[in-house]
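*Asks:* Residue numbers (UniProt numbering): 1 to 164.
Because the hints were derived from the structure by calculation, they are not lab data.
Bear in mind that the values here come from a model prediction, so they are computed numbers and not experimental data.
Positions of the beta carbon are idealized from the N, C-alpha and C atoms, including for glycine.
Check before you lean on any hint, since a few could be wrong.
[What the hints assert, rightly or not] Derived CB-CB ranges, DEER-like:
| no. | residue 1 | residue 2 | range |
| --- | --- | --- | --- |
| 1 | ALA26 | THR57 | 28 to 38 Å |
| 2 | SER36 | MET1 | 17 to 27 Å |
| 3 | ASP47 | ALA70 | 14 to 24 Å |
| 4 | GLN140 | ARG2 | 29 to 39 Å |
| 5 | GLN140 | GLU40 | 27 to 37 Å |
| 6 | GLU73 | ARG143 | 32 to 42 Å |
| 7 | ASN123 | GLU31 | 30 to 40 Å |
| 8 | GLY106 | ASP42 | 19 to 29 Å |
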Amino acid sequence: MRAVVVVASRHGGTREIGEVIASTLAEVGIESDVRSPDDEFDLEPYDVVVVGSPIYTGRWLPEAREYVDANVEALRARKVWLFSSGLSDAPAKASNRPAETQERLGLVGAVAHRHFSGRLDLNVLNFAERAIIAAARGKQGDRRDMDAVRAWARDVAARVGASA
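Construct the entire structure; sequences and hints are all you get.
*Replies:* Dropping the structure here:
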C-alpha cells in the first residue's frame, strides 16, 4: 500500500506536520511520499491520499484548493483524508470550518478532516501577514501537537487496514 501526503505550506510549519504524517504511516508499513500541490506527479501508484493546508484568513492556500479541484476524479478513486493547521486549536463548531474543507470533503468523498494547531513565527511573516496577525491578535509560538498528529496518522493507517 502506498500513500502520498500532498501539503501546501507557506512558511514550513504545515509541511512539517505532513512529514510527520508520512513518517508515521511509513512506520506501520505504508510506503509514503510527501509532495507539494505544485509538484507534477501521478496519483496512479497511490492508494491513500492525505491533503493538507494551513488556514490563512479563514481559507486554505490557493495551491491546495486548486490541487483538489484539478484532481477530483483521481481523488474520488482513492481513500482521502484532509487536514488543516492554523492559529486556533479547532474551529468552535463544524459550521465555522473553512468552506474549502466542507466543500472538498464531499467533492472528493474524503473520509474525514482534522484541524491541528499550527506554528506562528512572526520573524518569517511579511508586512501584510503581520498586519493580519496583529488584527487577529495572534500570538507567536509553536502550538503544534505532534503526538496528536501521529495519533491521527495511526488512525488513518488503521482505517485502511495497516496495523498501527
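*Asks:* Hints first: check each against the structure and report whether it holds.
*Replies:* Hints versus structure:
no. : hint                        : result
1   : ALA26 to THR57: 28 to 38 Å  : 34 Å, holds
2   : SER36 to MET1: 17 to 27 Å   : 22 Å, holds
3   : ASP47 to ALA70: 14 to 24 Å  : 20 Å, holds
4   : GLN140 to ARG2: 29 to 39 Å  : 37 Å, holds
5   : GLN140 to GLU40: 27 to 37 Å : 35 Å, holds
6   : GLU73 to ARG143: 32 to 42 Å : 36 Å, holds
7   : ASN123 to GLU31: 30 to 40 Å : 36 Å, holds
8   : GLY106 to ASP42: 19 to 29 Å : 24 Å, holds
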